[in-house]
Amino acid sequence: MDPLMTIIVTLIGTVIFAILAPVVGCLLAGLDRKISARMQGRVGPPLLQPYYDVRKLFEKENVSVNGTEHTYIICALIFAFIAGGMFYSGGNLLLVTFIITLSSLFFIIAAYSSRSPYSEIGAARETLQVMSYEPMVLFMAVGFFLATGTFNVSGVLTMDMPIICSIWLVFLGLMFILTIKLRKSPFDLSMSHHAHQEIVRGMTTEMSGPTLGMVEILHWCENVLFLGWIGMFFVWGNPWTILIGVAAALIAYFLEIWIDNNFARVKWQFMLKSAWIVALVAAGINLSFLVFL
Amino acid sequence: MAFASKSPWVIHYDGSSCNGCDIEVLATLCPGFDGERFGVINTGNPKHADIFLVTGSVNEQNIDVVREIYDQMIEPKVVIACGICACSGGVFHDCYNVMGGVDKAIPVDIYAPGCAIRPETLIDAIVQAVGILDEKSAAMREAKKGA
Ligand code: SF4
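The listed protein sequences correspond, in order, to chains A and B.
So that you can map any letter, position 103 of the first sequence is 103 in the working numbering, and since no number is skipped, the others follow by simple counting.
All you need for the working numbering is the position in the second sequence, starting with 1, plus 1000.
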């Protein structure tokens, strides 16, 4: 594809992602809360509760400790849209991983900008989370290249076999860090969904009203993108296999909810060590097999 | 349509309560009554909360804390005085250190009496509170349009 076409496709993808991902992400979040409640023996909120929450947050007064916070969050959101649009339009996976990391960095800066000790702790922990999962994310991109011969996500559609057949160890590693990326317990150090295991509210301590609403939307978009990474492993030549990918992503999400509800938060040392060990062992073995054999 | 009533997030502060009311407040938020059915979440962060649940009376030590939490909350917000101590000082009203109900420090929207407050009373109070939240949020929207 010539560069101009790529840019246009990415732009269209970004716009479509910016419209659809919040809808899908919102429903996923609602499902998450419903299932979590059932696992705890409660009835739980209505499916659209996350939507109500965000609408309410946008109705609230717009105040912030530091005016730039809002700008950083908007940047984070825009980069998440671009990353998602690029991924779902079949763009360059390596670039997607970089752009979504950029989005996380903007979120971290936003948390630091408030100068509140609580959100600074949250931001420091989020930095550790990024450090923990980033090696595995890069290995995923490299593994993808070795399996398909291209960094373009659309490359999976030309394969005779899903890429999970050749890089299943990388997939397991990705599953491990998915918990960190989705900020689910036991790795929800920077910002928990559950108030009870939190230093006030981690990164979002000083964010309120519309800013917090945008953080929620950012979180939904990230979820949709990361579940897309999971689904990508199960798609090959036949376009119908996308359904298998969707099913796999949903199963992975359910697994994450189950993990979230069954494990207490760990210390950051454990998170960092385990994530790096898993990344080096799983991806190391898998990639060396692909390169040397 | 106002969404304030659909997702009332609460923050709970124990002024100088004997803990009787606190236990009842937490019982209301526990799985038995499952406040999350109506979107109620216990936030622990004034900047995220819409409803301020205060238990216990106000004294020289905590009046600043109550005011601080109230000031940090973002409009529209509602205050519920939980238990008779928070309403008027209750059995402690003539203690040397007690100044009186929460309304000595901040404007209270709903008085929920009881010693200790029953979860049913508190649920009633929250239902009233979300009505007030909607009104305030509608008023804010009007003000914005006017401006
Ligand atoms: S109202 Fe009764 S139970 Fe509640 S704080 Fe006062 S004395 Fe304790």
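The reader is advised that the hints may include incorrect statements.
Said to hold, decoys possible - Straight-line C-alpha distance at most 25 Å; calculated SDA-like pairs for lysine to any residue: (1) B:Lys1144 - A:Lys34; (2) A:Lys34 - B:Asp1103; (3) B:Lys1145 - A:Lys34; (4) B:Lys1144 - A:Arg55.
Claimed, not checked - Cβ-to-Cβ under 7 Å is the rule here; a few derived chain A residues that face chain B: (5) Lys34; (6) Arg38; (7) Val43; (8) Gln49; (9) Glu59; (10) Glu61; (11) Gly67; (12) Arg115; (13) Val200; (14) Arg201; (15) Ser208; (16) Pro210; (17) Ile251; (18) Trp258; (19) Ala264; (20) Lys267.
No lab work stands behind these hints, which were simulated from the structure alone.
Quick reminder that beta carbons are idealized off the backbone N, C-alpha and C, glycines included.
For each hint, the structure was consulted:
For the hint pairing Lys1144 of chain B with Lys34 of chain A, the CA-to-CA distance comes to about 35 Å; that exceeds 25 Å, so the pair is violated. Between Lys34 of chain A and Asp1103 of chain B, the direct Cα distance comes to roughly 38 Å. Violation of the 25 Å bound is thereby established for this hinted pair. Restraint check for Lys1145 of chain B and Lys34 of chain A: not satisfied, since their Cα atoms lie roughly 37 Å apart, outside the 25 Å limit. In summary, the hint linking Lys1144 of chain B to Arg55 of chain A is supported, as the alpha carbons are separated by about 17 Å, within the 25 Å threshold.
At a threshold of 7 Å, the smallest CB-CB gap from Lys34 of chain A to chain B is about 10 Å, leaving the interface hint violated. Restraint check, Arg38 of chain A versus chain B: the minimum CB separation of about 11 Å is more than 7 Å; hint violated. Hint status for Val43 of chain A relative to chain B: holds, with the closest Cβ pair at about 5 Å, below 7 Å. Interface hint at Gln49 of chain A: satisfied, since its Cβ lies 6 Å from the closest Cβ of chain B, which is below the 7 Å cut-off.
The interface hint given for Glu59 of chain A holds, since its Cβ lies 5 Å from the closest Cβ of chain B, which is under the 7 Å cut-off. Annotation: interface hint on Glu61 of chain A holds; nearest CB of chain B at approximately 4 Å, less than 7 Å. Restraint check, Gly67 of chain A versus chain B: the minimum CB separation of about 15 Å is more than 7 Å; hint violated. Among the interface hints, the one on Arg115 of chain A is violated; its C-beta lies about 14 Å from the nearest C-beta in chain B, farther than the 7 Å criterion.
The restraint placing Val200 of chain A at the interface with chain B holds, with a minimum CB-CB distance near 5 Å, inside the 7 Å limit. For the restraint placing Arg201 of chain A at the interface with chain B, the shortest Cβ-Cβ distance is roughly 5 Å, inside the 7 Å limit, so the hint holds. Look at Ser208 of chain A: its Cβ gets to within about 4 Å of chain B, closer than 7 Å, so that hint holds up. For the restraint placing Pro210 of chain A at the interface with chain B, the shortest Cβ-Cβ distance is roughly 10 Å, beyond the 7 Å limit, so the hint is violated.
Annotation: interface hint on Ile251 of chain A violated; nearest CB of chain B at approximately 25 Å, more than 7 Å. Taken as an interface hint, Trp258 of chain A does not check out: its beta carbon lies about 18 Å from the nearest beta carbon of chain B, beyond 7 Å. Contact between Ala264 of chain A and chain B, as hinted, is not supported at the beta carbon level, the nearest pair being about 18 Å apart and thus beyond 7 Å. Using the Cβ-Cβ criterion of 7 Å, the hint placing Lys267 of chain A at the interface with chain B is not satisfied: the shortest such distance is roughly 21 Å.
This entry does not satisfy hints 1, 2, 3, 5, 6, 11, 12, 16, 17, 18, 19, 20, going by the numbered hints stated previously.
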